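> Protein chains in written order, with our numbering: chain A, 26 to 327; chain B, 347 to 601; chain C, 347 to 601; chain D, 5 to 264; chain E, 5 to 264.
Errors might be hidden in some of the hints.
Stated by the list, open to error - In silico EDC-like cross-links for lysine to aspartate or glutamate, where the CA-CA straight-line distance does not exceed 20 Å:
#, chain 1, residue 1, chain 2, residue 2
1, A, K306, D, D216
2, E, K151, C, E428
3, A, K175, D, D126
4, C, K402, E, E92
5, B, K361, E, E155
6, A, K209, E, D96
7, B, K416, D, E92
8, A, K105, D, E92
9, D, K15, E, D59
10, C, K402, E, E155
11, E, K111, D, D224
12, A, K175, D, D59
13, A, K105, D, D224
14, A, K42, E, E155
15, A, K277, E, E155
16, A, K174, D, D216
17, C, K416, E, E155
18, B, K472, B, E461
19, C, K416, E, D126
20, C, K361, B, E470
21, C, K402, C, E470
22, B, K465, C, E592
23, D, K111, E, D216
24, E, K62, A, E305
25, D, K151, B, E428
As the list claims (entries may be wrong) - Far from chain D by the CB rule (all over 10 Å, computed), these chain A residues:
#, residue
26, K180
27, D186
28, Y313
Unchecked claim - Not the full set, but computed from the structure, chain B residues with beta-carbon under 10 Å of chain D:
#, residue
29, G406
30, I408
31, K416
32, G417
33, F424
34, G430
35, W434
36, T436
37, L445
38, S477
39, Q478
40, Y574
Hints in this document: simulated from the structure, not taken from any laboratory.
As the structure is a prediction and not an experimental result, all values here were calculated from the model.
Every residue, glycine too, gets a C-beta built ideally from N, C-alpha and C.
One letter stands for each residue in the lines below.
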Amino acid sequence: PKKSENQSPISEAKVVKIGVLPIEDNLPFYVAEKDKLYTKEGVQVELVSFASAMERDAALQAGQIDGQVADLLAVALLKKIGADVKIASIGLGATPKEGRFAILSSPKSGIQDLAGLKGGTLGISQNSIIDYVSDQMLLDKGVQLDSVKKVSIPKMPVRLDMLLSDQINAACLPDPLASLAQAKGAHLLIDDTYKNISQTVFLFRTDSINDNSEGIKAVLRAYGTAGQALTNSPDQYRDLFLEKAQIPQELKDSYQTPTFSKLQLPTEEEVQSVMKWMVEKNLIPQAYNYQELVDPNLLPSS
Amino acid sequence: MIEVSHCDFIYNQGKSQVKVYDDFNLTIERGESLVLIGPSGCGKSTLLYLLSGLLKPTAGNIKIFSESVKGTRQKTAFILQEYGLFPWLTVEQNVSLGLRVRHTVKRNYKPLVEEMIRKMGLGEVKHNFPSQLSGGQRQRVALARALTLQPDLLLMDEPLSALDALTRERLQGLLLEIWQEQRLTTVLVTHSIEEAVFLGSRILVLLDGRPTKVVGEISNPLVGKPGYRQTEEFFQKTSYVRSLLERGGLDESAR
Amino acid sequence: MIEVSHCDFIYNQGKSQVKVYDDFNLTIERGESLVLIGPSGCGKSTLLYLLSGLLKPTAGNIKIFSESVKGTRQKTAFILQEYGLFPWLTVEQNVSLGLRVRHTVKRNYKPLVEEMIRKMGLGEVKHNFPSQLSGGQRQRVALARALTLQPDLLLMDEPLSALDALTRERLQGLLLEIWQEQRLTTVLVTHSIEEAVFLGSRILVLLDGRPTKVVGEISNPLVGKPGYRQTEEFFQKTSYVRSLLERGGLDESAR
Amino acid sequence: MNLQGKVFQGKSWGYLGAIVFLLALWQYAAWSLQTPLLPTPQAAIAATIRLFEADLGKHFWVSTYRVVLSTLTAFLIGLPLGIIMGYEGRIDRFLAPLVYITYPIPKIVFLPLILLFLGLGDGSKIFLITFIVFFQILVTTRDAVRKVQSETISSLRSLGGNRFQVYRYVLLPASLPDVFTSLRLSMGTAIAVLFFAESFATTEGLGYFIMDSWSRAAPDEMFAGIIMMALLGVGLFIVVDFFDNIFCRWQHLNGYKEGK
Amino acid sequence: MNLQGKVFQGKSWGYLGAIVFLLALWQYAAWSLQTPLLPTPQAAIAATIRLFEADLGKHFWVSTYRVVLSTLTAFLIGLPLGIIMGYEGRIDRFLAPLVYITYPIPKIVFLPLILLFLGLGDGSKIFLITFIVFFQILVTTRDAVRKVQSETISSLRSLGGNRFQVYRYVLLPASLPDVFTSLRLSMGTAIAVLFFAESFATTEGLGYFIMDSWSRAAPDEMFAGIIMMALLGVGLFIVVDFFDNIFCRWQHLNGYKEGK
Ligand SMILES: Nc1ncnc2c1ncn2[C@@H]1O[C@H](COP(=O)(O)OP(=O)(O)OP(=O)(O)O)[C@@H](O)[C@H]1O
Ligand SMILES: Nc1ncnc2c1ncn2[C@@H]1O[C@H](COP(=O)(O)OP(=O)(O)OP(=O)(O)O)[C@@H](O)[C@H]1O
Ligand SMILES: [Mg+2]
Ligand SMILES: [Mg+2]
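The shape of chain A in the complex, shown without the other chains:
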């Protein structure tokens, strides 16, 4: 943590811009900011907020931000469109419990399990991690994919509203909206806590890595430290969490502060599984191999 004196003035001047969404995966960034971890690591960080992943990805492609926490699909799609990125670490989701996704049925539908979903409509966001996760969960529980009609409702609040007002039979939502839906009477059909399907990853543009690898490593360290701090003493950061993660009023008391695992790379088979799905869905022409996607040199050597 005494590095700041050794840093060359050039790289010190370089600001690392991170695109953030108001979701819990990004919480460590704010914790790090609050605890002045960036200064301790000797790096300047600017957090740029976005309302949707699409706009954030557009900004990354345009080179306006250096890194972000996204899912594996986004990594592959970014690569496909020529924005060369590398995964530095997992964000949330190293264990199945972290970063929950759930399929819920609408309050009035009376559907109690996945089997009952046959012939019904399922609100998802097409070509996204939601799509992938719900496919995986359906397949794992032996539901034919073509027996459910998927409706693409990309905006999450809209999807939630549609579910609660019974316009669709079921929807796949991440936390905290999944918990909120549950609190408002939607039935939980399944969630992905039984198996590690979804992971968010911390990724950077390759250009930025080449330019400023020290800075990026520093950001990563700060992120890791902040994640641990959060996990160890969640109560201390409770207010920050409620403010930044857009926790609905109804859940303010009951909803738990998420926990973060140590920084690590995603496992190879998880990555392969996503790639396989994407190739099947025609999202990418062929699977990227593991080495193309990750940069193992950025993790702090501890």
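Start from chain A and add chains B, C, D and E with the ligands according to the hints.
Just chains B, C, D and E with the ligands now, with coordinates in the frame of chain A:
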């Protein structure tokens, strides 16, 4: 009978107000042909607007054939000073609009419109739009439109001012004919003293001022007599009207 | 000298075309006061538009003081038949616009504008917008605007048609005065035979037709002589013009 | 005939010129930027042709249907209401503030409520477009009617026209040129809203197609969708121009005094 | 004086009436729907007051700044270009198709490119709004100029006016009333686009505030944002009306022949 009793009329001009008429009274007998003559800006057009019901007197009341005027009357025809043609209608459509508005069946008004267009010498331009007409042609369209309506009260605001001398005389003859045949009541505004004496059974000479005053009223019983234009009587009347106007004119420049 | 040589002019009317002028020739000497008179729709306004440069002849060429006309000239003033006032400007602004356009310094034109407004009797309404004027007042605004420009060529399309007899005579006097003092070249369209003889050093009688023809040219050397209106000469000229017009008129109804 | 033919030809040349210019600009931008975000025109056109066979055509027609239906609906409600508000001072005094207050609220925020009532089908999309376009047509028509010279109205009343006939024979034709302008604008707005409306809860329409290609990171297909959208827009503009030329012929006279 | 005072009073009553009506409608809807999607007016107003103290005021000013700046920019570019296109047939023949083709393309799809050039700051947001509003002002102005009677232009030319003066003294004032209409429309569009533009890369502005409340499922706060947006819109409309009354006084004369 038409009765204008104790009428006031005020225009708003920005923050100030202009009182054009103050306690104005006028009676027109049925079948009369009244001519209004007077200096520019004295309030002639305003009076026609009041008679037509398009403007309401600020105070006082107007009765036409014993009915109080509330808005426009179906049997009044009014030729506006600036013609009031509809730019989106051709000559023919402009002329027939009055009849269409009165729900006349097309078959019935077709020949009437045709005839009036012919009388006005507009046959060649009947498919033109107003913007494709000369000034005098526009004026004749307005005249044709009013005359097809077969009104019982005809208000005309300088209806012949843009026409050449000969056409003007021809149409004066036509107006006289229509007035005599149909015994309708007409109120005509003109700046031509000869026209006034030729067409008016009574001539009202107005004087500019705030409010407008009537400087003279000349009855003209010989109107419509064949060859009247060439008589000594005619010449005397015109001189008299002129002298009244001049007196008004003197007053004006003295103000 | 103004020379119109071998000019054609054609209007498009929907799918058909109207040839108003065909190989038309006309010469106007500098300092002349030419009057155009003829039946409504014969092409008088069109000729003024051609002289002003607002319309281009379909064929042929027009020279004004030995310069070919290409677009409008700074020293030509033109009073349009429908006045061409700007509805968004007050009377005063409308009158001074010509001078502003010519980049005259405000201090210089202020008194000129004031005087012209006074001469036209528009003092009381100088802050009104055109829609708040009577017909004759509008026409006087247009006249005032043209006269402030101190042009060397003045084109006027029925500039006095909406004025009462007395104002009209007064302004005829004014026009005559200006013409005599400044020796400018004027072309005037009028429907009044008296006005034509009173103001025109030469009178061109046009005849309706496709194309327009000239039926007569009357030179009127006594124009401007004091008391001319009361002379025998004046009366003879008017009768002559009338007879020419009537001949044209006869032709027309025979067509 | 001849003249109209000429005008038409002039227009076609204009379009050709504009298209060539846009393509050149695009080509140049694609070359100089060298970013996968912007495909070359060739790639996009190739994708258009390739996909049109597949389902781009279907998406195009679905979008056309939605835009046309909702613009028509908005027109049929907005036009009469706008004319009435423009003429009847009393009604306007109450309705104008209502419009002024509700117009600037982004209607998108009512999406949940709209979906609640109209469901996820075509209904809610058409309603949303109609709702937004309606305001534009309303405001323009109202303002157009207020500009009608009182003399023209007087003229009709003096012919014995009643209130209804003032609407029919004066206010409607007099405001038509402005209404056509607002229709032109509305087409653009309608397409923009369509794009938005089709990006939630549907699997059909150009908006869906573009967003889907975007999320699949397939820029050539995305631009194929954009090309179709431009075509849709131009097509509708030409239709509006066509009706403009028919109904407002008096505004487009070829006589000399008219143009320059 | 007296008269203007009266008109003003009449307008205030109109607004009051409209507000009362809207609130009643809202109240009724909230009661009968009983859905959490629609809070009661009381809840929303309470939230507005509560949040205004906090940071709603700041969001309001940020949005105002963005809307005003971009509408002004659009106006300053669109107005002259529109007037030129309306008058110069030759330029129009080429530019009109260009506008017709590009106008209906949803500008949102250029977001990546806009970000590429203008970055994440206010610049790209203002550009996006300007870009869209610009088209509306352009098309309206152009159509307005094309409606100017050729006689009015002739009149100025006959006074010796050159081409520039025709623009200055005829085309500009003659098209102003229509331009004000289009400004009114543009305000609405600008706010709608603002709403969209403020949903990326910012933590300020009403658009952000509304989206944020929405995703936090806090409808009362969301409606507080909507109320502020309506206020912003009404405020801007009133400003436009104000300038309209000054610059187009000749259109709003109180003389008798004018109104009814
Ligand atoms: N824009 C136009 N398009 C088509 N035809 C026109 C147009 N303007 C005028 N005309 C026709 O050209 C002829 C001459 O018109 P012009 O205005 O020159 O007549 P004028 O002699 O001034 O008549 P008036 O005394 O009635 O003003 C008329 O028959 C008219 O119908
Ligand atoms: N809309 C208006 N607002 C304010 N003042 C007006 C309005 N219309 C007319 N006036 C004024 O009222 C007076 C009378 O106008 P009116 O049109 O009745 O005159 P007129 O006798 O018809 O004149 P002319 O012979 O010139 O047509 C004029 O002085 C004019 O300035
Ligand atoms: Mg009058
Ligand atoms: Mg003429």
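> So which hints don't hold here, by number, going up?
The structure breaks hints 5, 6, 8, 9, 14, 15, 19, 21, 24, 26, 27, 29, 30, 31, 40; every other hint is satisfied.
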